[in-house]
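On the provided structure of chain S, position chains W and E as indicated by the hints.
Chains as they are written, first to last, in my numbering: chain S, 1 to 422; chain W, 423 to 801; chain E, 802 to 1108.
A few of these clues could be false.
[To be verified] Here are some of the chain W residues that sit facing chain E, going by a computed Cβ distance under 8 Å: (1) L474; (2) A495; (3) M501; (4) P529; (5) A727.
Rather than coming from a laboratory, the hints here were simulated on the basis of the structure. For every residue, glycine included, the Cβ atom is placed at its ideal position computed from N, Cα and C.
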Amino acid sequence: MLSTTRRTTLGLGLAALARPALAQSGVELVVHYPMPAFFKDVMEKVATEFQEANPGIRIRYPAPSPNYEEGVQTVLRQAVAGGLPDVSFQGLNRLRVLTERRLPVDLTPWLEKDGGPDARGWSAPVRGLARFGGIQAGLAFAASNPVVYYNLNLVRRAGGDPDNLPTKWDDLLALSGRIAALGEGISGMHFRWAGDDWMFSALLYGYGGRMLTEDEKDIAFNGPEGQAAMRLLDRMVKEGKMQPLTVDAALQAFYAGKLGIFSGTTAYIGSMLRSIGPGVELRTTKMPVIDAEKGRLPTGGNAAVMLTKDPARQEAAWKFIAFAAGPRGQSIMTQGTGYVPSNTLAPTDERYLGAFYRENPLFRPAMEQLPISQPWYAFPGTNGVRITDTIVNNLARVVEQRATPEAALADMAQEVKRLLPR
Amino acid sequence: MAGIAIEGIRKSFGATQVLKAVSLQLRQGEFLSLVGPSGCGKTTLLRIIAGLKTADSGAIHIAGREVTRLRAADRDIAMVFQNYALYPHLTVAENLAVPLVMRALTPWQRLPLLGRLAPGTAARRREIAARVQAAAEMLRIGHLLDRRPVQLSGGQRQRVALGRALVRQPSAFLMDEPLSNLDAELRASTRREIVELHRAAGVTTVYVTHDQVEAMTMSDRVAVMMGGEVLQLGTPREVYEEPAELRVAAFLGSPRINTLKVAAAPDGLRLGPVTLPLQAAAAPGTRLTLGLRPEAFALAGEGLAARVEHLEFLGAELLLHGRLAADESPIIARLPQAETAGLAIGAQVALAVEWRAALLFDAEGKRLRLAPQREAAHA
Amino acid sequence: MPEAPLPRFAAPPPARFALSEAAAAWLLSAPAMLSLFLLLLGPSLALIALSFTDWELGAGGLTWIGLGNYAELLEDRTFLAALRNTLLYVALVMPSSIGLGLLIALLVEGGKRLRATFRAIYFLPVVSLLVAMATAWQYLLHPTIGPVNRLLALFGVAPINWLGSSDWVLLSLCAIGLWENLGYVVVLFMAGLTAIPSELYAAAEMDGARSPWARFRLVTWPLLGPTTLFVVTITAIRCLRVFDTVAALTDGGPNNASEVLLHVMYKEGFTYFRIGYSAAITAVFLAVVLALMLIQTRILDRRIHYA
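Chain S extracted, bound-state conformation:
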């Protein structure tokens, strides 16, 4: 923390030497962000360009939080103890907790300025990612959705066509089964079901299902869509020969060229490219389509949340948020990570990401899935993460083939129901 502060201060000091008049009457914005492994370089670059464009506003980053959980915890603690940052980047599924604690500033008034949000590239689906409790709790910064990664070498060996990869689960499972049959310790597929409920919701949304009823009083995932999702998970094991690997183990196997298909967030692209061995030829596709009409996908990622209550600072904070979530900020973010821009102007415009997407097809599927992306559902009440764990635990029973999909879903429904607010 100290070193970051010092470095920033030093940089600012040099900037002040260069342009003394501008630095004197400025505002210093404190901005907190998570997952430095993904975002540190991006954030530094965003700050540099923002400060050049907005002399008079300085950005200071305190120590970043290692993950979304600790990020939200830091802010919640600061809300009690003092020292809240002006702006914080928070996981999309954590915004609900913050909103219930009445911490975020509603961004609606600012969005309405300058010709309205749509004109600036923040379409209604983008805005929806960070709308909770009737307010615009934040503005999406980095978005992700699930994609499928293939090792084309294994696909070829199993008789698959690299230029005609599966678009339906039936085909994917069959291909996975064939890859698994290659032997030599090669596994077919891994669907990243563990860790959280995100990938389960990808299946559930794919059938057009939803987690809870509209009024959020009761569960809705135990209907026909949920049952179909559980059965599909069961088929991954039975037909796709999926083993109950931990996520890390699956990724390691994929890097080593021993896993044919990996399905998980597009945010892995960066680390995939860095980690795969020479025996892996990487390609990404969109998720297989389940229901062409009702099918949706969950969105991961984070949003910039305004926390300062001081009107003068709010003005500066909005400028920063708008820059980060604007086309330039989104270009920086997309090229530095595997995430999808949450701004409709950036991807197509040649000034921003147009050329990037042409030259980097691996990044394309996630972007192309944006139209069917919807928010990652955050459960109401205080048991959100426990509900997530309950779901994952019951998924584990199916993946380990210790319970039928129907039985696991029934238990899951019963247990989650008890954890909902009464």
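Relative to the frame of chain S, chains W and E by itself:
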């Protein structure tokens, strides 16, 4: 029946020869002290006899049985250690019982609780208890049987260690400086007790000590060891009065024996300008060492002239530290208190010598025979 | 010697001094007592108080709910699994690491050469960062590309999903725990062994303890008593505190099969923000630790202190 026979024991640690072909014979029931300065190999020899160390070559017989290849537990001997080596977690009674329990009971019978179920255990336990009681009473530690070693004084621990050795009635006792951790008074009384116990039990005993008083007062015979060799084996009187070597003479006796550099001459021995009335069987001009014990001197009207440098009052006696006029060599004389009235530092005295007690050694330190002359010393 | 009157200073000091001496004693011990309270007792009391509330991080207020949290614990599947797993972990790792550690210490100490080398090798896991080593374990135990399964395959053993299967995951963590604790135990026992006077072994030999086992029973084991008590205490606490391997390797899964007390406590407090509930788990954890310590000191302490 034989006692202990030690034949040609050699032992080296790396390049260092610790024992150079040591041989000793102990009669049945004999009390023999191994005495010598630290590092002379006496403890190593004891441990080889015990079976705690193996010799490089040589043989050991105990009570007529060759034990060289046997391990300690099978040699039927008991040992008293310098630091007593009592088991701190066991009571005095349990400590005393260990050698009996280890030999009389099978591992199965030794098990706590379960062992009691084995046939014959109870009877053996009763017998052991009786023998422990007997040993404890002999050593007057019967009232301490329930205590742990940490609750005992040094002298009491020492008795328990003795008791542990006695309780089994072995064919030999080995003692490794058992008194060195006791205070002076206790040491003197325990010396006597050990001798009495030995007399009563009649067990062959090897006693290691660096303390010549213990060696002289307790032993039937003394083996003086130095540099891995037994320099001399004999009764305390023999080794003191007729030392075979200068090193033996120098080690035994306190204060140390006075040594004077002399040269053989046709008419006696030359000490500086003085000719001593002693005749050595050596060619004239041979350099020799003359040993005079402090008690060989007496104050007299004439004799060797010396200057008094220091006086030590010992009660009945007085130690005179002086310097001979003849060759400026330092000497110590032990004089009866009664004869020393009026002595003062700086005074010139004449020391008469009892020449019959003089010891003569050649350049290698080997003892030479000499015959006293008729005349007294003259300038 | 002429008779002298007793020196004055031998007389007891006046009462005024005694009073101020007591005051000085309080004054001097105050910093220690204050910090003891502030740093150790205070937080523990605060924790116990918190465990009777429903406080959540960031929530405005808190309510006194009495034993509500504890009642919930009794019905919490995750917590009960964690409690069972933790106790199982202690029951497996503690005796095995102590037994094996003692054996290794005896072998190393019995050997003449390379003692320091062995000591360093066995101590390596203790000084290495466990989270970093967890990555190595993850690779070693990898079901398809891991060397362990490849080695087993040479003997015709079918691949085992060490960390992914609920049958194996706790055993795998126990094995890692054994590896992690072993070096510590070995080094402690080696220190204990060097403190045993060699004369006692000589005495035991003379007294007829022929077999190594007999000498071990007569000398080594009883004299290692204080060391063993310390090792048992330390190892028990280290085992109860198992957390980092779970957090780094399994996250408690699959289906709570590797969930342990501290991990649940961490999740409840730092992921779910339920500080009150988390405090209740911590209180249970402290109770288990205290109970264990009490049993140990009661049973062992009495039998092993000679000094």
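Query raised in the report: Which of the listed hints are not met by the structure?
Result: Result: hint 5 breaks, nothing else.
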